[in-house]
Structures are given as structure tokens and as C-alpha cells.
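Since chain A is already given, all that's left is putting chains B, C and D on it; use the hints.
Residue numbers (my numbering), protein chains in the order written: chain A, 1 to 141; chain B, 1 to 141; chain C, 1 to 141; chain D, 1 to 141.
A hint or two may mislead.
Same chains, same names: a pair is fine if it fits in one copy or spans any two.
The list that follows gives simulated cross-link-like pairs (lysine to any residue, SDA-like), each with its CA atoms no further than 20 Å apart [stated by the list, open to error]:
#  : residue 1 : residue 2
1  : 58        : 102
2  : 69        : 123
3  : 58        : 137
4  : 58        : 75
5  : 58        : 133
6  : 69        : 97
7  : 69        : 124
8  : 69        : 135
9  : 69        : 114
10 : 69        : 92
11 : 104       : 45
12 : 104       : 118
13 : 69        : 103
14 : 58        : 72
15 : 69        : 95
16 : 69        : 45
17 : 69        : 101
18 : 69        : 87
19 : 104       : 129
20 : 69        : 102
21 : 58        : 91
22 : 58        : 120
23 : 137       : 67
Because the hints were derived from the structure by calculation, they are not lab data.
Here is how the chains run, residue by residue.
4 protein chains.
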Amino acid sequence: MTRASGDAFSVAVRVYYEDTDAAGVVYYANYLRFMERARSDWLRAQLAGPHELAASDKVLFAVRSVALKFLMPARLDDFLTITAEPTSIRGASLTFYQACWRGKEIMCCGEIDLVCVDAQTFAPRRLPEAIARVLAKTSDL
Amino acid sequence: MTRASGDAFSVAVRVYYEDTDAAGVVYYANYLRFMERARSDWLRAQLAGPHELAASDKVLFAVRSVALKFLMPARLDDFLTITAEPTSIRGASLTFYQACWRGKEIMCCGEIDLVCVDAQTFAPRRLPEAIARVLAKTSDL
Amino acid sequence: MTRASGDAFSVAVRVYYEDTDAAGVVYYANYLRFMERARSDWLRAQLAGPHELAASDKVLFAVRSVALKFLMPARLDDFLTITAEPTSIRGASLTFYQACWRGKEIMCCGEIDLVCVDAQTFAPRRLPEAIARVLAKTSDL
Amino acid sequence: MTRASGDAFSVAVRVYYEDTDAAGVVYYANYLRFMERARSDWLRAQLAGPHELAASDKVLFAVRSVALKFLMPARLDDFLTITAEPTSIRGASLTFYQACWRGKEIMCCGEIDLVCVDAQTFAPRRLPEAIARVLAKTSDL
Numbered sequence: 001m002t003r004a005s006g007d008a009f010s011v012a013v014r015v016y017y018e019d020t021d022a023a024g025v026v027y028y029a030n031y032l033r034f035m036e037r038a039r040s041d042w043l044r045a046q047l048a049g050p051h052e053l054a055a056s057d058k059v060l061f062a063v064r065s066v067a068l069k070f071l072m073p074a075r076l077d078d079f080l081t082i083t084a085e086p087t088s089i090r091g092a093s094l095t096f097y098q099a100c101w102r103g104k105e106i107m108c109c110g111e112i113d114l115v116c117v118d119a120q121t122f123a124p125r126r127l128p129e130a131i132a133r134v135l136a137k138t139s140d141l
Numbered sequence: 001m002t003r004a005s006g007d008a009f010s011v012a013v014r015v016y017y018e019d020t021d022a023a024g025v026v027y028y029a030n031y032l033r034f035m036e037r038a039r040s041d042w043l044r045a046q047l048a049g050p051h052e053l054a055a056s057d058k059v060l061f062a063v064r065s066v067a068l069k070f071l072m073p074a075r076l077d078d079f080l081t082i083t084a085e086p087t088s089i090r091g092a093s094l095t096f097y098q099a100c101w102r103g104k105e106i107m108c109c110g111e112i113d114l115v116c117v118d119a120q121t122f123a124p125r126r127l128p129e130a131i132a133r134v135l136a137k138t139s140d141l
Numbered sequence: 001m002t003r004a005s006g007d008a009f010s011v012a013v014r015v016y017y018e019d020t021d022a023a024g025v026v027y028y029a030n031y032l033r034f035m036e037r038a039r040s041d042w043l044r045a046q047l048a049g050p051h052e053l054a055a056s057d058k059v060l061f062a063v064r065s066v067a068l069k070f071l072m073p074a075r076l077d078d079f080l081t082i083t084a085e086p087t088s089i090r091g092a093s094l095t096f097y098q099a100c101w102r103g104k105e106i107m108c109c110g111e112i113d114l115v116c117v118d119a120q121t122f123a124p125r126r127l128p129e130a131i132a133r134v135l136a137k138t139s140d141l
Numbered sequence: 001m002t003r004a005s006g007d008a009f010s011v012a013v014r015v016y017y018e019d020t021d022a023a024g025v026v027y028y029a030n031y032l033r034f035m036e037r038a039r040s041d042w043l044r045a046q047l048a049g050p051h052e053l054a055a056s057d058k059v060l061f062a063v064r065s066v067a068l069k070f071l072m073p074a075r076l077d078d079f080l081t082i083t084a085e086p087t088s089i090r091g092a093s094l095t096f097y098q099a100c101w102r103g104k105e106i107m108c109c110g111e112i113d114l115v116c117v118d119a120q121t122f123a124p125r126r127l128p129e130a131i132a133r134v135l136a137k138t139s140d141l
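Here chain A stands alone, though its shape is the one from the complex:
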């Protein structure tokens, strides 16, 4: 796993009660919710939101694998920064390195592999040309 560069795309996330558990920290599955927010907003910034993409191109990005490390627990009221940095695009596949920061401390990080699939059948589909072009250009992969 490599570190995201300083200028990785990011979103801000406030931790509310809904995100925490009885151990007093952010529940581990919720970092995946935070990371999906960053990926969705990254996609929206490049091209279109998930809903528009499903409507216009009949595709969506399904998660194929996650490999995450949980290093420190975030807590109620924390103000986090979630990065999303595409590190590889190949055929139908798209890989992100993502991390969750609290100031200069890293809470959680790792790689998420997605695959472009037909929105109905979930069969893999090559990235639509327009999408691939935008992705290739914006991320310099």
C-alpha cells in the first residue's frame, strides 16, 4: 500500500452518534461508508453521480475487494478527511487507494478494487469510452 499524494481528492466527514458503537469509537464497517462517499464525490467531480451514471450508461461500479488496515479509532465529533485516489484503470477494473485522516493522524487506509458492471445483470462491462477517457486524463495513470 502506498500513501496517497498530498493532493488526493478528499471529502470531509463529521462523526455522529450514528457512526459510533458501544466501544465509544467509529464502528469498523462505517469506514467503508465514508470511503464510498469519497469515491462517489470523486466520480461526480470527474463526470457524473452514481445515479446519473446508472441512468445514462446503465453501469455502476461494484466493489470486488477491499484490503484495509485500521490503525487508530476515530471518535464521536471527530472531523475526518477521507481521500480517494485512483491508482489503476484496466479494462473494466478501477482501483482506489483510500485513507481516513484526523488531522495528520491516519485512522484507516487501504485499497478498494471496483469493477464496472451492467446495472441490471452485474455482468462486467468495459468502462464506457467517455468514462475511461475522463478517468485516464484526470488521474494520470
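Leaving out everything else, chains B, C and D in the frame of chain A:
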């Protein structure tokens, strides 16, 4: 609000970390998740699961209103009983009285109003005949 | 239920996949998550975040009842505005009128009653003086 | 990743609307919720529930890493089996291989690493003797 009768339909729910928050108790919105489990299983026991209903009759039950009281906090590892008792069926509408119990203590209770809607447009649709018949018979309303 | 005034406190909420369900709309319990975000940020704007309040004053606000109407379904990618307007403060109790808007359309609205409780025992506790003063002043109740 | 043996500990999970998203399938983060249910019930079957463990031994199991593959999407009403099989115990660390099955089809699988930590400080703590003994005996590691 009236109490559910002793023989109301119910499901058992274990409280896991996912259901709790940093206050050490079940997060308030999660009682609505528990209550939906009971309504879904009640429907499945009478007729068919939500997915089957959407596929065969092109309808689903949308929640129109909730009026709930939160009386005591449930906690991690608690073993709860969630009841679902239909109290009124009229046209497209279906009302449930639901409660969440821990042994003989009541955690949360109230009324949930649902309306039968077209699964695509969310326009109200009269309950399909077969469904209305089953509901009327099984619940003696 | 009365409508919030035009200048009610509000937060913006984007709808992500995490918030939706297989019916293609925001899952009903998730409006309660959105509403808690607005209440938390309102409290933070007036005084302090929930975590700070639990640490300094040993109190938290527990939800005692909700009465909500669901009028229209919000969908993936929608950009919502969630209002939080205190309508009554009395002893340990605090009532909010809250609504969820998409532009000028209202998705969901209603009243949420909270009670100030001891953060450990959940026994009702009169609002700490400093809090009551800020609440009374800022909300003109 | 190795497959769980046929007699791995498992729990049954029904898929409700709460678990699905607008793509019509189980939202990826929710498999982590399902897997935590299996681990919690496994621990409860061996020794004690998470709450009891936090109260008596002042420890909890924090997730340190997850490496999961998502192979097929589960859908509304599906009835799933979630396995939890400890594959390694060492010092404060405990590794599980977990999988999510729908009949003979595997939806999602992978490894979850946990570490025993102090319930207050989250500092790693050697597994309490009684726990280590039970774990070693029951899992033949």
C-alpha cells in the same frame, strides 16, 4: 396507542455492536430497522417476502408515518423481541402497532402506517385482492 | 405539526448508496440519522458537540419520542436540506420540529422529543444552567 | 485465503431492506456487519458475549485489518449463512476466516484480523488466560 395482545407476531433480535452507539445503547434509528424486520417476516409468514411481492404484484409497502416512544435503552448483547400487529387495513393503508421488548420490559413502541404503492412510481395502489384477503383473514380486523 | 420558519438551522446532506435501499429510495430509518446530524450540528453551533457535552457536563440528549410523516421518497444523489428548530424547552425536555427538503419539496417532517439525561445512568437531569440559558436565548422559546 | 471447513461455526442472516441499496443488492459494508454477528456469536458460544467480556475482563476485540473479496451480490429476502472460523491465535491477535454463503454459492469471503485491547484505552492487551485457553482448545489452532 394500545398494547399488542399476548399472541402478536414477533421476531427475536440480538443486539450487536452495529446496533449501538457511543452512548452505550441502541441508536434510536435502529429500532426502526428492527421493526421492519418484524413486519417483513410477518408479511412473509402470511403471504410472501418483500422481494417476491415486488416481483409478482409490482407493489411494496412504503412507510407513511411513524409515532414511536422510546422508554428504556436496550444495550449490547440484549436479546429483544419485536412484535408486529396489524391494527387497521383500509384501501391502500395498513397500520401496525409494534413494540420492542427485553423480557417483560418494553424498550420502544408505537404505530407505523404503511401504504401499498406501485414499486416503480410509488403511487398508492389498492392492496391486491389476494393480499387484502389474506390480511383481513389473518388479522381479524 | 407546524412548519419551520424560513430561517431554521439546517445542514446539507447528500444521498449516497449507503442511505438507499432496494426500493431505490432512502430507507425510512435513515431520515432519523439525517435529523440527528442536524440536531448535533445545531447543538455544536450553540454550545458544544455531543462528545464535549458528555465529557464536560456528563449529560446527553436521549430521544424520547418521534412523530414523523414521510411524504415523498428521496433518491440516490439527491442533495437534501435538513432543518432543526427547537420549539419547546421545559425542565429536562427539548422538542424539535425537523424537516427534510429537496429544493422546495418536503420529503419528511415531524417532531422529535428529547430529554437531557445523565450520560451513565440515563436518568433525566435538568438541563445544566449554561445550556438552558443558551438554548433559551438562541431560540426565543 | 483458505476455505472454511464444513463444520465452521455459522449464523443465519436474512436480508432485509435495511441491508440493501439502490443497486438492488446488499450494500458492501453490510457484509462486515453480518460477519461481526458471526464472530460475536462464536465468542458467546465459546465464552461470553462482547458486553460481558468488556465488563468482566475490561477487554474487547478491535478489528485491525480486513481483506475481503466480493464474488456475487446477495439480494433482498436472501437467506444467508455466515461462517466464522478462527485460523490463528498469537499473543493479542486473533485471525478469522469468514464467508457469506447463499446455499452453495459464496457471496463474499476473506480474512479479518482482530486484536485484544483494553476496553478504555484501546492499547493491545494479551488475551486473558481464560480466554486464550478456551480459544486454543475450541479451535485446535
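Taking the numbered hints from earlier one at a time, note which ones the structure violates and give those numbers from smallest to largest.
Going through the list in order, the structure violates hints 1, 3, 8, 11, 12, 16, 19 and 23 and respects the others.
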